[in-house]
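Using the sequences and the accompanying hints, generate a full structural model.
Here is how the chains run, residue by residue.
2 protein chains.
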Amino acid sequence: MKNAIIGIDVGGTSIKMGLIDREGHILHTQESPTPVQEGYRRVLDVFNQMAENLLQESAYLWENIVGVGIGVPAFLDLSRGIVIEAVNLGWSQVPLQEELEQMWQVPVMVDNDANAAALGEMWIGAGIGTSNLICLTLGTGIGGGVIINGDIYHGVNGSAGEVGHITVREQGGRTCNCGKRGCLETEASATAIALDALEQVQKMSAGPLKEEYDRMGNITAKSVIELAKLGDSTCRAILEKAGIVLGKALANMCYLLNPEKIVIGGGVSSAGDILFDPLVQAFHGAVLPRVAENTDIVAAKLGNQAGMVGAAWLIRHSREERTPISGFSNS
Amino acid sequence: MKNAIIGIDVGGTSIKMGLIDREGHILHTQESPTPVQEGYRRVLDVFNQMAENLLQESAYLWENIVGVGIGVPAFLDLSRGIVIEAVNLGWSQVPLQEELEQMWQVPVMVDNDANAAALGEMWIGAGIGTSNLICLTLGTGIGGGVIINGDIYHGVNGSAGEVGHITVREQGGRTCNCGKRGCLETEASATAIALDALEQVQKMSAGPLKEEYDRMGNITAKSVIELAKLGDSTCRAILEKAGIVLGKALANMCYLLNPEKIVIGGGVSSAGDILFDPLVQAFHGAVLPRVAENTDIVAAKLGNQAGMVGAAWLIRHSREERTPISGFSNS
Numbered sequence: 005m006k007n008a009i010i011g012i013d014v015g016g017t018s019i020k021m022g023l024i025d026r027e028g029h030i031l032h033t034q035e036s037p038t039p040v041q042e043g044y045r046r047v048l049d050v051f052n053q054m055a056e057n058l059l060q061e062s063a064y065l066w067e068n069i070v071g072v073g074i075g076v077p078a079f080l081d082l083s084r085g086i087v088i089e090a091v092n093l094g095w096s097q098v099p100l101q102e103e104l105e106q107m108w109q110v111p112v113m114v115d116n117d118a119n120a121a122a123l124g125e126m127w128i129g130a131g132i133g134t135s136n137l138i139c140l141t142l143g144t145g146i147g148g149g150v151i152i153n154g155d156i157y158h159g160v161n162g163s164a165g166e167v168g169h170i171t172v173r174e175q176g177g178r179t180c181n182c183g184k185r186g187c188l189e190t191e192a193s194a195t196a197i198a199l200d201a202l203e204q205v206q207k208m209s210a211g212p213l214k215e216e217y218d219r220m221g222n223i224t225a226k227s228v229i230e231l232a233k234l235g236d237s238t239c240r241a242i243l244e245k246a247g248i249v250l251g252k253a254l255a256n257m258c259y260l261l262n263p264e265k266i267v268i269g270g271g272v273s274s275a276g277d278i279l280f281d282p283l284v285q286a287f288h289g290a291v292l293p294r295v296a297e298n299t300d301i302v303a304a305k306l307g308n309q310a311g312m313v314g315a316a317w318l319i320r321h322s323r324e325e326r327t328p329i330s331g332f333s334n335s
Numbered sequence: 005m006k007n008a009i010i011g012i013d014v015g016g017t018s019i020k021m022g023l024i025d026r027e028g029h030i031l032h033t034q035e036s037p038t039p040v041q042e043g044y045r046r047v048l049d050v051f052n053q054m055a056e057n058l059l060q061e062s063a064y065l066w067e068n069i070v071g072v073g074i075g076v077p078a079f080l081d082l083s084r085g086i087v088i089e090a091v092n093l094g095w096s097q098v099p100l101q102e103e104l105e106q107m108w109q110v111p112v113m114v115d116n117d118a119n120a121a122a123l124g125e126m127w128i129g130a131g132i133g134t135s136n137l138i139c140l141t142l143g144t145g146i147g148g149g150v151i152i153n154g155d156i157y158h159g160v161n162g163s164a165g166e167v168g169h170i171t172v173r174e175q176g177g178r179t180c181n182c183g184k185r186g187c188l189e190t191e192a193s194a195t196a197i198a199l200d201a202l203e204q205v206q207k208m209s210a211g212p213l214k215e216e217y218d219r220m221g222n223i224t225a226k227s228v229i230e231l232a233k234l235g236d237s238t239c240r241a242i243l244e245k246a247g248i249v250l251g252k253a254l255a256n257m258c259y260l261l262n263p264e265k266i267v268i269g270g271g272v273s274s275a276g277d278i279l280f281d282p283l284v285q286a287f288h289g290a291v292l293p294r295v296a297e298n299t300d301i302v303a304a305k306l307g308n309q310a311g312m313v314g315a316a317w318l319i320r321h322s323r324e325e326r327t328p329i330s331g332f333s334n335s
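First to last, the sequence lines map onto chains A and B. Each residue of the first sequence is one higher than the one before, counting from 5 in the working numbering. Each residue of the second sequence is one higher than the one before, counting from 5 in the working numbering.
Take the hints with a grain of salt, since some may be wrong.
[What the hints assert, rightly or not] Restraint ranges, calculated between C-beta atoms of paired labels, are given here:
# : chain 1 : residue 1 : chain 2 : residue 2 : range
1 : A       : Gly307    : B       : Glu174    : 31 to 39 Å
2 : B       : Ser237    : A       : Gly154    : 47 to 55 Å
3 : A       : Ser83     : B       : Glu56     : 50 to 58 Å
4 : B       : Glu89     : A       : Gly276    : 31 to 39 Å
5 : B       : Met208    : A       : Gly154    : 50 to 58 Å
6 : B       : Gly289    : A       : Gly154    : 32 to 40 Å
7 : A       : Asn7      : B       : Ser83     : 36 to 44 Å
Hints were generated in silico from the structure; no laboratory data involved. Glycine included, each C-beta is placed from N, C-alpha and C at the ideal position.
Dropping the structure here:
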């Protein structure tokens, strides 16, 4: 009886792995630091150990597993399941799908981590019941996933949804890792929010943000969000600015794709209304009512489990495609 | 034997109608002014007269016609074939599909005119062989069509591809018909180009553009393009500016959709390299090489026949969908 899927979300910091049933329920999870420094082979060993632990604690066997889906922060050759470049993992040109299939002897499917998160939200999260959505993940960078007719849309070479580098400033703005200036992620990611806060701290002699900086020696987006929630006006203004930039950028995306939902997740989305209120207001200020009237902007629901769930969906969906529910049986 | 389709492109100025075979070849065409002032009923009469003429001159009968596709400059209820609002035609809430089906007793399909033009280019024009493309029509306004997996993508309420109102200026810019400022079409449409030229004329005491204005009492985008081709530097600069704005806007669209092709048509595209060179340069300056490397920017090929051809494709495709080539027979 094959009736569960393993979903993996591998990031630069941690590996999250879940045993997931055919309806998307998470049965068990494992989490482990990513041994980036020890290289690709060592990460595969950790995958294997985590999978064994996961099966053992849930009393499943490999013969119960339909397949393994994995989301990777990478530029991929999807047709062959090859990681072309994963900067944060230090991987280049690794045949991930093939090697995992050899290791586990089950079908493996690979996609980009932001795409996996989008699929997870569509399957059992904030996008449930919709099949046309844009998902944004506001983290260290800004990732995106475009879902069209119920499946991720990859574009001609897998780059669709890479919205972090959309240019949002006509002139100036910080220089991005990509080499350009004024990218969405240099204006509204966790990194941008922390840098905005640091700039403010330079101008301050006192106040909660200054105290936080003096205590920690640094400022993170997380502390900006916490202080904003406690009412700090500087921190609120930083998040409002990010919300406005995001709202305007989403308006332009809405003209092109007219999605049913826009789902916003990632650490920065935990700011809640402080971020979402200006975001939604800027969005509606920039998009014609007729174009926006059927588009809802909602917060993601699955937190950091979206990636593993969406990775599992890749297997769920591919089984459906071949013959309906062929990979599953109740017997 | 049903082996041809009638495609109609109805605009505020003229109605174009073509008899089109199953491979997209245009067998015969008709063109007639649109009697906008005389109202919707009169336009239907003109449709009917044109169709009768078209059949007569090509020795076809209604029984040879698989169906009629029609592209309308309108916001539509696609599921019911209703024109909700067509500002340039003065139509509001008209059941176009149903009335044409009653009139002609063949299947009728309706879509937006920019979408029809995109489909025409995909079928037999600049997008031939590709199934993921963005088409821009640079005319009085700027229309767009998004083709995903070989079919037009409508979005949740039919507004996908309405790229004319993407905001391209952070601050300022001309006020658009839509009420916003700094829309793509207030910067790079034929209207915008003519207005840019008029602004330049105010500052001039002599030169070809001033002479054109003095002779005609006005400046059109067409004359700006003609003078630019003759080497006038002011007119070249106006078109270059439009090209740069378009290139940057297309770069942002490319991050979201990573299309195989971007097809640019409409009257303004007749400027050729004077427009396309700065456009392509601005595009590549704003989009990461990896994201853009498989995206070609090309000029549309069908001119003002794209709409009628794409309208015919709607019927061609709907027949394919039901059962392959069911609507057609060779007997």
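Hint-by-hint comparison with the structure:
Checking the proposed 31 to 39 Å range against Gly307 of chain A and Glu174 of chain B shows it holds: the Cβ atoms sit about 33 Å from each other. Checked against the hint of 47 to 55 Å, the pair Ser237 of chain B and Gly154 of chain A passes, with Cβ atoms roughly 52 Å apart. Checked against the given bound of 50 to 58 Å, the beta carbons of Ser83 of chain A and Glu56 of chain B, roughly 51 Å apart, stay inside it. Distance hint check: the CB atoms of Glu89 of chain B and Gly276 of chain A are about 37 Å apart, consistent with the given range 31 to 39 Å.
Separated by about 57 Å at the C-beta atoms, Met208 of chain B and Gly154 of chain A satisfy the suggested range of 50 to 58 Å. Gly289 of chain B and Gly154 of chain A have their C-beta atoms about 35 Å apart, which keeps the hinted 32 to 40 Å range intact. Taking the beta carbon of each, Asn7 of chain A and Ser83 of chain B are about 38 Å apart, inside 36 to 44 Å as hinted.
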